[in-house]
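Make the full structure from the sequences, and use the hints.
So the sequence lines, in the order shown, correspond to chains A and B. For the first sequence, full-length UniProt numbering gives the first residue as 1, with consecutive numbering after it. For the second sequence, full-length UniProt numbering gives the first residue as 1, with consecutive numbering after it.
For the record, the hints were derived by calculation from the structure and aren't laboratory data. Wrong hints could be hidden among the right ones.
Here are the simulated distance ranges between beta carbons [said to hold, decoys possible]:
#1 A:A37 to B:D203: 20 to 30 angstroms
#2 B:D165 to A:L48: 25 to 35 angstroms
#3 B:L90 to A:Y30: 25 to 35 angstroms
#4 A:K67 to B:G266: 51 to 61 angstroms
#5 B:D128 to A:K8: 50 to 60 angstroms
#6 A:K8 to B:E35: 15 to 25 angstroms
#7 A:I5 to B:D72: 48 to 58 angstroms
#8 B:Y246 to A:N68: 48 to 58 angstroms
#9 A:N68 to B:E136: 46 to 56 angstroms
#10 B:M1 to A:I5: 53 to 63 angstroms
#11 B:S211 to A:K67: 20 to 30 angstroms
#12 B:D128 to A:A37: 34 to 44 angstroms
The beta-carbon is built from N, C-alpha and C at its ideal position, and this holds for glycine as well.
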Amino acid sequence: MELKIKDKDIRNEIVKKIEELSNTNVFRCYQCGKCSAGCPSSPFMDILPNQVMMLLQEGKIEYILGKNTHWICASCFTCSARCPKDIDIAAVMEAIRVVETRNKKDYISIYEIKEEERKGVPPIAFVSAMRKLSS
Amino acid sequence: MRIGYYPGCTLKSDAQNFEISALAVLKEIGYDVKELSRWNCCGTVYSLASDDLMHQLAPFRNLIRAKEEGYDKILTLCSMCYNTIKRANLLVQKDKEKLDKLNNFMYEENTKYDGSVDVIHILNLIKDTGIKKIKEKVKKSLRGLSFAPYYGCLLLRPKEIAIDDMELPEIMEEIISVTGADVIDFPFKTECCGSYHTIKDKDVVLDKTYSIVNLAHELGASAILLSCPLCDFNLEARQNDCAKKYLDFKKIPVLYFTQVLALAFGLPEETWGFKYNKQDPLPIFKEII
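Spelled out as structure tokens, the structure:
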């Protein structure tokens with residue numbers, strides 16, 4: 001993957017917003033990779049959590065938004081619990097989701113879910129999915 | 001100490017086996033807990049965005065309800081309710097400005113919340129009662145069975161709300177071992193079940209269900225025990241979908257840990273709540289009952 005970094009890209013407005021929403025300084029990350037090593041959902045992600053952190057440092061937000069990583073994250077907090085730099089990566093993922101959903105880019109719509117798929121699914125699953133994945 | 005019981009939505013619908021068995025077990029060990037006379041959905045997931053106070057209203061309102069009725073503690077059974085209400089409570093205890101903002105927003109409530117209510121989980125409550133005291137209540141030994149304890153994520157992470165060690169919890173093991181059954185050292189006990197992805201990305205959940213259930217079989221478990229209705233749905237009900245996707249998949253019973261305690265305490269059959277289980281647990285208990 002070739003990346004060209006320009007001064008104006010680094011810590012751009014969206015990166016600042018993500019840092020503010022997640023109470024995080026993304027430049028604390030030194031790429032040890034513990035978050036990705038422990039992430040139980042990583043096999044389903046386009047790019048790994050530590051790669052998201054690196055891309056945020058490079059200001060490549062459009063690249064991140066084009067991948068599914070922040071949607072696949074289920075907020076299990078394994079990454080946040082194991083980060084040696086005490087970065088709440090789960091909160092960073094949530095901040096990226098929030099940036100998307102506040103722009104009305106939802107990952108899930110209740111109308112897309114077929115009736116036979118809804119059968120037997122408990123309310124706890126619906127409420128949490130709609131809360132996390134839609135505006 | 002006055003404890004108010006907060007059930008949450010799923011315990012009143014799909015997870016009635018958890019509620020029935022837990023209340024019976026609590027009564028047996030000396031807690032006659034009362035349900036909050038009014039409560040609402042906790043929101044199921046804690047909002048992690050720093051400016052998102054709107055999503056703290058649901059858990060906050062439940063804290064107001066508890067204070068209004070004079071309770072010192074809210075007892076939750078569901079792990080997601082525990083996590084959400086406990087974290088919202090911590091947020092307002094630490095941040096006076098947010099506490100005031102939430103109170104002002106809900107100016108029509110007669111009670112102002114001040115952060116004085118504590119949020120506890122049933123596993124903590126049972127452990128605090130004393131393992132020795134619980135052991136005395138056991139009437140039927142479950143020797144010969146072996147259980148795989150499963151905590152999932154939200155009882156243990158993040159650290160400030162963890163009911164036990166984040167990476168190596170043992171609280172459920174200690175409690176289940178009073179029944180005389182073997183408790184397996186289960187490496188996947190803190191793994192994620194895929195949570196709400198069960199709605200849109202079912203394959204994410206099926207993959208996890210497959211590996212968690214397979215490992216439980218490999219280690220010789222008779223059943224998996226847990227305390228979260230969403231983990232239960234993913235690990236128990238989704239086994240039917242798993243069997244269709246993976247041809248070598250073998251099913252296993254999944255129970256709430258309180259169901260096993262109710263059985264071991266010799267409580268009446270209706271308190272076990274087995275009729276609500278999606279994978280029939282009766283066969284594993286046939287030599288004991």
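Open item on the list: Checking each numbered hint in turn, tell me which of them this model violates, lowest number first.
Closed with: 6 and 8
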